[in-house]
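Trainee: Given only the sequences and the hints, what does the whole structure look like? Please build it.
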Amino acid sequence: MAIDLDLPTRQPDPDRQSAVPTPITITRDYSTPDKVFRRGVQASGLGVFLLLVAIGSFLAWSGWPAFKVAGWGFFTHSGPVQIGSKADFGVLASLTGTVEVAFVAMLVGSPVAICTALFLSEYAPLGTRRSLIAMIDLAAAIPSIIFGLWAFFELQPNVVGLSTWMGNHLAFIPFFKVTSPPLNASIFIAGLVVGIMIVPIVASICREVFSLAPPGEREAALALGASRWQMIRTVVLPFGRGGMIGAIMLGLGRALEETIAVSIILGGSYKVTTQILQHGGSTISQLIATNFNQSGGALGLHDLLLCGFVLFLLTLVINLAASAIVNRSRSGAGVDL
Amino acid sequence: MTTTLPAAPPPGHPQPFTGTYTLGEPGQIDAEGVCAWFSGRLVLETVNLTMEKSKVTALIGPSGCGKSTFLRILNRMHEVVPGAQLAGSVKLDGMDIYGAGQRAMETRRHIGMVFQKPNPFPAMTIAENVLAGLKFSRISPASKDDLIEESLTKGGLWNEVKDRLGELGGALSGGQQQRLCIARSLAVKPRVLLMDEPCSALDPTSTLRIEQTIKEIADEVTVVIVTHNMQQAQRVSDYCAFFLAEENQPGRVIEAGRTELIFGEPTDQRTFDYVNGQFG
Amino acid sequence: MSPDSISQTAPEGVLVTTTSASTQSNPVVPDPRTPQPVPDPVGTVPPTPSAPRPRRLPTPIRPSAFGAQDVAVLVGAAVSSLCLVWIVFYQLTSLSGGLGFLICWYLAFLGLTWFGTAQVIERQVATDRVVATIVVSAAMLVVGIIVFIVAWVTYKAVPSIHWGPLFTKDQKYFQVADPNALNTVGILHAIIGTFEQVALAVLIGVPFAVATAIYLNEVRGFGSRTVRTVVTAMSGTPSVVAGVFIYSMLILTHVLSYSGFAASLALVVILLPSVTRVVEEVLRVVPSGLREASQALGAPEWRTVWSVVLPTARSGVVTAVLLGIARIVGETAPLLFTAFGSQLINWNAFSSDQGALPLVIWSDVRQAQPVLIDLAFQAAFVLMVLVLILFVLARLFSRPKGKGGKRKANQSEDDFMARIFIPIPIEERES
Numbered sequence: 007m008a009i010d011l012d013l014p015t016r017q018p019d020p021d022r023q024s025a026v027p028t029p030i031t032i033t034r035d036y037s038t039p040d041k042v043f044r045r046g047v048q049a050s051g052l053g054v055f056l057l058l059v060a061i062g063s064f065l066a067w068s069g070w071p072a073f074k075v076a077g078w079g080f081f082t083h084s085g086p087v088q089i090g091s092k093a094d095f096g097v098l099a100s101l102t103g104t105v106e107v108a109f110v111a112m113l114v115g116s117p118v119a120i121c122t123a124l125f126l127s128e129y130a131p132l133g134t135r136r137s138l139i140a141m142i143d144l145a146a147a148i149p150s151i152i153f154g155l156w157a158f159f160e161l162q163p164n165v166v167g168l169s170t171w172m173g174n175h176l177a178f179i180p181f182f183k184v185t186s187p188p189l190n191a192s193i194f195i196a197g198l199v200v201g202i203m204i205v206p207i208v209a210s211i212c213r214e215v216f217s218l219a220p221p222g223e224r225e226a227a228l229a230l231g232a233s234r235w236q237m238i239r240t241v242v243l244p245f246g247r248g249g250m251i252g253a254i255m256l257g258l259g260r261a262l263e264e265t266i267a268v269s270i271i272l273g274g275s276y277k278v279t280t281q282i283l284q285h286g287g288s289t290i291s292q293l294i295a296t297n298f299n300q301s302g303g304a305l306g307l308h309d310l311l312l313c314g315f316v317l318f319l320l321t322l323v324i325n326l327a328a329s330a331i332v333n334r335s336r337s338g339a340g341v342d343l
Numbered sequence: 002m003t004t005t006l007p008a009a010p011p012p013g014h015p016q017p018f019t020g021t022y023t024l025g026e027p028g029q030i031d032a033e034g035v036c037a038w039f040s041g042r043l044v045l046e047t048v049n050l051t052m053e054k055s056k057v058t059a060l061i062g063p064s065g066c067g068k069s070t071f072l073r074i075l076n077r078m079h080e081v082v083p084g085a086q087l088a089g090s091v092k093l094d095g096m097d098i099y100g101a102g103q104r105a106m107e108t109r110r111h112i113g114m115v116f117q118k119p120n121p122f123p124a125m126t127i128a129e130n131v132l133a134g135l136k137f138s139r140i141s142p143a144s145k146d147d148l149i150e151e152s153l154t155k156g157g158l159w160n161e162v163k164d165r166l167g168e169l170g171g172a173l174s175g176g177q178q179q180r181l182c183i184a185r186s187l188a189v190k191p192r193v194l195l196m197d198e199p200c201s202a203l204d205p206t207s208t209l210r211i212e213q214t215i216k217e218i219a220d221e222v223t224v225v226i227v228t229h230n231m232q233q234a235q236r237v238s239d240y241c242a243f244f245l246a247e248e249n250q251p252g253r254v255i256e257a258g259r260t261e262l263i264f265g266e267p268t269d270q271r272t273f274d275y276v277n278g279q280f281g
Numbered sequence: 051m052s053p054d055s056i057s058q059t060a061p062e063g064v065l066v067t068t069t070s071a072s073t074q075s076n077p078v079v080p081d082p083r084t085p086q087p088v089p090d091p092v093g094t095v096p097p098t099p100s101a102p103r104p105r106r107l108p109t110p111i112r113p114s115a116f117g118a119q120d121v122a123v124l125v126g127a128a129v130s131s132l133c134l135v136w137i138v139f140y141q142l143t144s145l146s147g148g149l150g151f152l153i154c155w156y157l158a159f160l161g162l163t164w165f166g167t168a169q170v171i172e173r174q175v176a177t178d179r180v181v182a183t184i185v186v187s188a189a190m191l192v193v194g195i196i197v198f199i200v201a202w203v204t205y206k207a208v209p210s211i212h213w214g215p216l217f218t219k220d221q222k223y224f225q226v227a228d229p230n231a232l233n234t235v236g237i238l239h240a241i242i243g244t245f246e247q248v249a250l251a252v253l254i255g256v257p258f259a260v261a262t263a264i265y266l267n268e269v270r271g272f273g274s275r276t277v278r279t280v281v282t283a284m285s286g287t288p289s290v291v292a293g294v295f296i297y298s299m300l301i302l303t304h305v306l307s308y309s310g311f312a313a314s315l316a317l318v319v320i321l322l323p324s325v326t327r328v329v330e331e332v333l334r335v336v337p338s339g340l341r342e343a344s345q346a347l348g349a350p351e352w353r354t355v356w357s358v359v360l361p362t363a364r365s366g367v368v369t370a371v372l373l374g375i376a377r378i379v380g381e382t383a384p385l386l387f388t389a390f391g392s393q394l395i396n397w398n399a400f401s402s403d404q405g406a407l408p409l410v411i412w413s414d415v416r417q418a419q420p421v422l423i424d425l426a427f428q429a430a431f432v433l434m435v436l437v438l439i440l441f442v443l444a445r446l447f448s449r450p451k452g453k454g455g456k457r458k459a460n461q462s463e464d465d466f467m468a469r470i471f472i473p474i475p476i477e478e479r480e481s
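Protein chains in written order, with this note's numbering: chain A, 7 to 343; chain B, 2 to 281; chain C, 51 to 481.
Zero decoy hints are in this set.
Across the chosen pairs, the derived CB separations fall in these ranges:
{"hint": "1", "chain 1": "A", "residue 1": "A330", "chain 2": "C", "residue 2": "W356", "range": "26 to 36 Å"}
{"hint": "2", "chain 1": "C", "residue 1": "I211", "chain 2": "A", "residue 2": "R334", "range": "48 to 58 Å"}
{"hint": "3", "chain 1": "A", "residue 1": "T28", "chain 2": "C", "residue 2": "L340", "range": "26 to 36 Å"}
{"hint": "4", "chain 1": "A", "residue 1": "A330", "chain 2": "B", "residue 2": "S90", "range": "51 to 61 Å"}
{"hint": "5", "chain 1": "A", "residue 1": "G46", "chain 2": "B", "residue 2": "P205", "range": "56 to 66 Å"}
{"hint": "6", "chain 1": "A", "residue 1": "N190", "chain 2": "C", "residue 2": "F272", "range": "50 to 60 Å"}
{"hint": "7", "chain 1": "B", "residue 1": "S40", "chain 2": "A", "residue 2": "A330", "range": "36 to 46 Å"}
Far from chain B, some chain A residues (derived; all Cβ distances over 12 Å):
{"hint": "8", "residue": "V42"}
{"hint": "9", "residue": "W70"}
{"hint": "10", "residue": "V114"}
{"hint": "11", "residue": "T170"}
{"hint": "12", "residue": "G274"}
{"hint": "13", "residue": "L322"}
What the hints contain is simulated information worked out from the structure, not anything from laboratory work.
Here a beta-carbon is modelled for each residue, glycine too, at the ideal position from N, C-alpha and C.
Mentor: Have a look at this one:
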C-alpha cells in the first residue's frame, strides 16, 4: 500500500542546467600588520638563501685570480710552483692530507661511535641513560681548540710510542712505512684526535635511529631464542643501516672541515706524503688557518681564498648528500609493518 | 615427509632440559604461585594453572587483567621489560624455567610465542624468516627445504607462497604475515606455543584460517592462547582460564577448567557474567 | 648484560617424569557443582571475592644476567690474558709501551672470554658476551676521554691561576724576565672581546634565526623547501670558511677593518643555521590546536605567533639560544680572519683588532715562555667552564614546566641538545 505523504514536491526546473557547482575560491585577505609580518619573515628566509649564495660567490670571486694564474695546476701541484711564467702555489699536498686525516678519523671514530650508540640505546641501564646521553652530547660542545691542546700535550706523547711500534712491525702496509723519527705531528695523530671529535656526532644520530627500531620485531627475535647481540644484528642494525650511513657521512663532513685541532698538531708541509705515521702533513683548512698571517710568502691571499672555496664546496656536497640519506632512511623507517 | 632435528645436542650446546621427552614433543606447563610486578606495582597475583600437553588452553578475560603478562612469564619475556619482577615457579615438563642456571634464551627455544601484531623480519626473505629461529639457536637441519615446506604447511601458508619463497617477508598481507610468524615459531619445534591474541589484528577469513591451524598443530605443540574473543575461545580451546582484575586489584584467575564447563556451567558468578557478555 | 640465566640460591630443579599423577599435586578445592567423572587437572581458586585472604606474597625476583659461573669465566679470562700478554711482552719479545700492553691485554681478554664461555656455556652466549664487552668498553672509553679532558684542563690551569690579575689585566705589560709576571698578565682583553663578539652575534643572529624558523614552520611559502635545504647546507659550513667569507667580503673590500664586529658577523654565519634548525623543531612541537584556537578567536597571524606560539615555545627557544652561544664561544678559526687577536684591551668592537678567549689560547700556547703557556691554559679553563655552565643552564631551562607529556618532552629535549652541535637534518614536513 503506497503511503501518500503530503510533501511539497518540486518539479525539476527545465531551464536550470544540471551541472556540478563550481567551488568558490577563497582568498585570504591579510591585514596590514599581517602583511608586514609575512613579508618580514619571508625576507628573512630569502636572506638566508642569499647569504649562502653570497658565501659561495664571494669566495669564488676572491679565489678567481689564483685560479686564473695557476689553472688546474692548483690542484695537481704541490707547494710553490712555477706555472708558466708566474710563481704560484699548488695544494695537492693539502688535499691528500685532508683525505688522509679524514680517512683515519672515520676508521677510528665510526666503529667507536656505533658501539657507543648501541650502548646508549640497547645496553645502558635506564637510570643512567639520560646522563650518559648528555655527557656524550657535551663532548660535541667542547671547543676544538681544547681538543687540540689535549692532543698536543697528552695524546701525542703516548701515541708516538704506538706509531714507532707500528712503523717497525707493520711496515709491510705501505701507509705505515716510517723513514725516520720524529713521529710526532703526523697525520695519524691528527686523524686520531679528529676521530675522537666526530664520535659524538655519529653516535648521536645512530642512537636516534637505533631507538626507532620497531619493538615488535625485537620481541619476535627474542621470543625465537635470540641473544641480545643476535637481536641487534637481525633487527636493529638492518633497520638503522640508512641512518648509520648518513651519520658516517655527516661525521666525514665534520672531519674534513676540522681546522684548529689539526693545526695545533700538524706543522704543515708542502710535500705529498702517504706515510701517515711520519712527521709532517697538511690539510686544506690547516693551510688556510696557519698561513693567513704570513705575508710575502709563496702562498698568496687569493690562493687561500680559493682553498676556502674548495673546502666550502666539498662540505656542501657531502652534507647535502648525507641529509638526503638520513631523511630517506627516516621516512622509510617509520613504515608500519 | 617429516624432518627431525638432531636428537643429540651438538657439542658445546648443553641442554639443561632433561627428562622423558624428545625434541619436538608437546610439553606441559605447570605454573604455581605466579605473581608479577611492574615497577613495584602488583599486576598479577598467585596464578596456579596447568596447561595440559597436546591441548589448547585459552586465557580469557577483559582487557588489562594480566593475561598477556602471565603469558609472557611463561616464556621469560616478562623480564625483558625494565622494572618487571615476578615470583612463583613455572615448570616445563617438570623443570623450573626460572631455576638457577637456566637461561632465558634456552627456554624460549622450547616455548615459542606469536604476537598480536604480525612481525616478520622485513629485511629477510620468507625462507630466511622461517629459518631465523634455527639460525639463532645454531641448529642446522638435515634438509632446509624440507623444513621450510613442513613449517609453512603446518602454518597453513605453503600453498600460497611456495613459488615465492625468495620474496621479502614484509610483502605479504596481514593474515599471511601472521601465518608466516606461526610457521617461523614452529620451525624450531617448540614444545609449547604461546599466542597473544594472534587474530585480533586480522580480518575474519584470516582468523578462521589461523584457528584451523591451531587445531591442526595441537598434536605436536601445546598451545596457550590469549583471546578477547569468547567465541574464538569456545571454537579452538580445550581448556579455559578466566582472568579478572577487579578495581584496584591485581589480576587473578577466577576460574579454570574445561571449556564446555566454563562456558556452560561456570561456578563463579563473575565467570557467568563475563561469558554471557555482561561486561568486558 | 642480557638476562639469560638466573643466579638464585634455589636448589636445582628436580627431574620429574611427566605422568599425569604429578599434576594432581596442585591443590584442588572440590566444588560440588563441578561434575567429577573427568578429573579436572586445572586448579580452581575458590569463588569468594569478599573473603579476606592472607596477603603474604612471595618476594619478587628479577632474573639476573650473571651467575657465579659467568663471573668465574670473566675473572679467569682476565687473569689468564694478563699473564699471557705479560709473558709475550716481556719474556718472549721486545715489545714495549704501556699503551701497547693495554691494547694487547684487551684483545687477549676478548679472545679468552670467547673461548672460555664457548667451552663452558655455549657459542651463542660467548658471542653475545664478547659483543657486550666491546660495546660497553667503547662507551666507557668515550666517556673516559671526555672526563679526562675536562679534568686535565682543570689540572693544568687551576694550580697556577692568580684570580685577581686573571680577570683584570691584559697582556700589555708582559716582560719575559719579570719574576712577578703572573701578576701582571691576565685575560681581561680576551673576556671583553669574547663577550662583545658573542653578544653582537646573538643580537643579530637570533632574531634572524627565529624569523627564518617562523617562516619555515608557520608562514611557509614557495621557497620553504629551498630555504630548509639551504639551512641544512649552511649548518655544515666550516667555521674557517665563515671567517674567510667575511674577510673577503668586508675586510678585503675595506668596508670593515679587523674588528670584533666583523668577528661577530662571522659567528652569525655559524650561529644562524643551528639555531634556525632547533627553533623550527621547537615550533613544530607546539600543538596546532593552540594555533587554531587563536585563529578561531579572530587573531591575525602575527598575533597568533607572537602571543601564542612563541610563548609556548619559549623554553625551547631559550635552550636553543644558550646552546648556540655555547657553540660559538669556542670557535677559533673565524676569529683569526676577522678579529685578528690582540694583546690589549679593546672596548670598541667596531674598530681595530680585538682579542678573544680562543685567540689567546691559540697564540699563547705556542710561545716559549711558560707564563704565557700557563695563561693559555687558564684561558682554556675559563672557556671550558663557560661552555659547561651554558650547557647546564640549557638543560635546566628545557625541563618542561608542566606535568603533561613529561616523558615525551624529555626525549625530544635530549635530541634538541644535540642538534645545535650536530648537523642532524630536519625532517621534511608535508605542507
